[in-house]
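A.B. asks: Protein chains in written order, with UniProt numbering: chain A, 1 to 107; chain B, 1 to 107.
Hint data in this document are derived by calculation from the structure and do not stem from the laboratory.
Model, not experiment: these values are computed from the prediction.
Be careful, since some hints might not be right.
Just so you know, same-sequence chains aren't split out, so a pair can sit in one copy or run between any two.
[Stated by the list, open to error] Derived SDA-like pairs: lysine to any residue, alpha-carbon spacing no greater than 25 Å straight-line:
#, residue 1, residue 2
1, Lys-61, Glu-18
2, Lys-53, Ser-13
3, Lys-53, Thr-85
4, Lys-61, Ala-16
5, Lys-61, Ala-11
6, Lys-53, Gln-102
7, Lys-53, Tyr-22
8, Lys-8, Arg-38
9, Lys-53, Gln-101
10, Lys-53, Ala-97
11, Lys-61, Ser-27
2 protein chains.
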Amino acid sequence: MVLMRPFKHPAASEFALERVLYALSDSIRLEIVRHLARVDAASCGELDGGRPKSTVSHHFKVLREAGLVYTENSGTIHMNSLRRTDMESRFPGLLAAILSQQTPSAS
Amino acid sequence: MVLMRPFKHPAASEFALERVLYALSDSIRLEIVRHLARVDAASCGELDGGRPKSTVSHHFKVLREAGLVYTENSGTIHMNSLRRTDMESRFPGLLAAILSQQTPSAS
Chain A
1 MVLMRPFKHP AASEFALERV LYALSDSIRL EIVRHLARVD AASCGELDGG
51 RPKSTVSHHF KVLREAGLVY TENSGTIHMN SLRRTDMESR FPGLLAAILS
101 QQTPSAS
Chain B
1 MVLMRPFKHP AASEFALERV LYALSDSIRL EIVRHLARVD AASCGELDGG
51 RPKSTVSHHF KVLREAGLVY TENSGTIHMN SLRRTDMESR FPGLLAAILS
101 QQTPSAS
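Whenever a hint applies, use it, and build me the whole structure from the sequences.
C.D. replies: Structure follows, in structure tokens:
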């Protein structure tokens, strides 16, 4: 069995506004965050929309580095959750203002 | 005297959330928008922070294409203003939620 290394996550004090906005400036990443806002946690497989693993891994890395997503190993799968409390403490109202916007549904 | 072509600006109905977030994901562009939020209009020279014209022109293009900034020719200079009303009509509360965040001051 392969041991999976834990993922790195920035502390809330290290969050940068520009990085959060960049992370949410891509429709796939925005869709992942919208999905996570509706559930407690989800595996990468539940969130990838059938896209190639390499593509999706990159998007999760960008989301983690921005502080939006927390990923942990759960057996052999990665479970992801939205860091809603940390984001709210660092950037009050930001995530709600972004996720409340109407956007054309991603194809 | 050189005739300057008018700049292209998207209609509010064409604004895309991802594009707005991308435009604001850069600290120079965010600084320009913060400045424009405090004044009625400003020339590129007042907003460039002494940066090279080529660099700043690109940033203004990104801001215009996102719908954040309106640029018009005024004699031989370009005057820029924030499209606050259009942005508010398309994405209510978004700009205020972003600009209200505390960020480290840009160097």
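A.B. asks: Taking the numbered hints from earlier one at a time, note which ones the structure violates and give those numbers from smallest to largest.
C.D. replies: Failing hints, ascending: 2, 3, 6, 9 and 10.
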